[in-house]
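Given chain A, put chain B in place with the hints provided.
Residue numbers (the working numbering), protein chains in the order written: chain A, 3 to 117; chain B, 758 to 869.
For the record, the hints were derived by calculation from the structure and aren't laboratory data. One should not assume that every hint holds.
[Said to hold, decoys possible] Not the full set, but computed from the structure, chain B residues with beta-carbon under 10 Å of chain A:
#	residue
1	K779
2	F859
3	T861
[As the list claims (entries may be wrong)] Okay, derived cross-link-like pairs now, DSS-like style, lysine-lysine, Cα gap no bigger than 25 Å in a straight line:
#	chain 1	residue 1	chain 2	residue 2
4	B	K799	A	K22
5	B	K799	B	K825
6	B	K825	B	K814
7	B	K794	B	K815
8	A	K68	A	K22
9	B	K815	B	K825
10	B	K779	A	K43
11	A	K43	B	K794
12	B	K794	B	K814
13	B	K828	B	K779
14	A	K43	B	K825
15	B	K814	A	K16
16	B	K779	B	K794
17	B	K828	B	K799
18	B	K779	B	K815
Ideal Cβ positions, reconstructed from N, Cα and C, are used throughout, including at glycine.
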Amino acid sequence: GAVVSQHPSWVICKSGTSVKIECRSLDFQATTMFWYRQFPKQSLMLMATSNEGSKATYEQGVEKDKFLINHASLTLSTLTVTSAHPEDSSFYICSARYGPGNTIYFGEGSWLTVV
Amino acid sequence: GENVEQHPSTLSVQEGDSAVIKCTYSDSASNYFPWYKQELGKGPQLIIDIRSNVGEKKDQRIAVTLNKTAKHFSLHITETQPEDSAVYFCAASQDAANNLFFGTGTRLTVIP
Numbered sequence: 003g004a005v006v007s008q009h010p011s012w013v014i015c016k017s018g019t020s021v022k023i024e025c026r027s028l029d030f031q032a033t034t035m036f037w038y039r040q041f042p043k044q045s046l047m048l049m050a051t052s053n054e055g056s057k058a059t060y061e062q063g064v065e066k067d068k069f070l071i072n073h074a075s076l077t078l079s080t081l082t083v084t085s086a087h088p089e090d091s092s093f094y095i096c097s098a099r100y101g102p103g104n105t106i107y108f109g110e111g112s113w114l115t116v117v
Numbered sequence: 758g759e760n761v762e763q764h765p766s767t768l769s770v771q772e773g774d775s776a777v778i779k780c781t782y783s784d785s786a787s788n789y790f791p792w793y794k795q796e797l798g799k800g801p802q803l804i805i806d807i808r809s810n811v812g813e814k815k816d817q818r819i820a821v822t823l824n825k826t827a828k829h830f831s832l833h834i835t836e837t838q839p840e841d842s843a844v845y846f847c848a849a850s851q852d853a854a855n856n857l858f859f860g861t862g863t864r865l866t867v868i869p
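The shape of chain A in the complex, shown without the other chains:
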């Protein structure tokens, strides 16, 4: 299957700082990527849909000024958590749409801990 890579796999940052997470489609071009947040023992919560070259579409309740998403190329989308707080600590996962069939592949996830 297609490969989606996230970096970093885990990161610790101080409160008030910003942290960037990258999502790359390694062997295909992805016009659409998605960002999810997952709390322990819960399902995936869609945060936003990222389309290459345009602004991301955020789900209700997700602060777009706090979670900045950039999809500057067909293989890279980034999520920047700005002014991070401990409650932002979570597992963030990206996914990318592959081909015309709408198959979606996920990255390995990124653990964010804000101290």
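Using the frame of chain A, we list chain B on its own:
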């Protein structure tokens, strides 16, 4: 919008037995149904998917069935092995739509 329900939330089986996880969906326009396996601390891995133009799909020990009339689909794992232990998520979407709607997940434990 679409609502996907998944049962059971936890499932324990003896190694070698079969496991079945069921999902229902609400939007009759949904036509794509993938299943993902998520191991602890990792991202979901696509294991099998089915589109609405077929009723069943099989890949070695894994199979998925779809009943469009009843709006439910199921994952079947035969000859389970300890490495099958994980959380499994079903999902539903429309080809033309942008996102997947996920079930709440099933934690499968295969007892050696």
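Checklist entry - Under the criterion of a CB-CB separation shorter than 10 Å, is K779 (chain B) in contact with chain A as hinted? => result 16 Å, violated
Checklist entry - Is the hinted pair K799 (chain B) and K22 (chain A) satisfied, with a Cα-Cα distance of at most 25 Å? => result 19 Å, holds
Next on the checklist: Next pair to validate is K794 (chain B) with K814 (chain B); report whether the Cα-Cα distance is within 25 Å.
Outcome noted: 17 Å, holds
Next on the checklist: K779 (chain B) and K794 (chain B) were given as a pair; does the straight-line alpha-carbon distance stay at or below 25 Å?
Outcome noted: At roughly 14 Å apart (the allowed maximum being 25 Å), K794 (chain B) and K779 (chain B) satisfy the hint.
Item to check | Hint consistency between K794 (chain B) and K815 (chain B) [alpha-carbon to alpha-carbon, up to 25 Å] | outcome: Since the Cα atoms of K794 (chain B) and K815 (chain B) sit roughly 16 Å apart, the hinted pair holds (cutoff 25 Å).
Checklist entry - Within a Cα-Cα threshold of 25 Å, do K68 (chain A) and K22 (chain A) meet the stated pairing? => result With a Cα-Cα distance of about 12 Å, the restraint between K68 (chain A) and K22 (chain A) holds, given a limit of 25 Å.
Checklist entry - For the pair supplied as a hint, K799 (chain B) and K825 (chain B), is the alpha-carbon distance within the 25 Å limit? => result 31 Å, violated
Item to check | Given pair status - K43 (chain A), K779 (chain B), alpha carbons within 25 Å | outcome: Given that 25 Å is the threshold and the Cα spacing comes to 19 Å, the pair holds.
Checklist entry - Was the hint right that T861 (chain B) lines chain A, CB cutoff 10 Å? => result OK, holds: T861 (chain B) within 10 Å of chain A, min 5 Å.
Checklist entry - Quick one, are K43 (chain A) and K794 (chain B) close enough, alpha carbons at most 25 Å? => result Between K43 (chain A) and K794 (chain B) the Cα gap is close to 14 Å, so the pair holds against 25 Å.
Checklist entry - Between K814 (chain B) and K16 (chain A), is the straight-line Cα distance small enough, at 25 Å or below? => result Given that 25 Å is the threshold and the Cα spacing comes to 48 Å, the pair is violated.
Next on the checklist: Need the status of pair K779 (chain B), K815 (chain B): alpha-carbon distance at most 25 Å?
Outcome noted: OK: K779 (chain B) and K815 (chain B) at ~16 Å, within 25 Å.
Going through the hint list in order, the structure does not satisfy hints 1, 5, 14, 15, 17.
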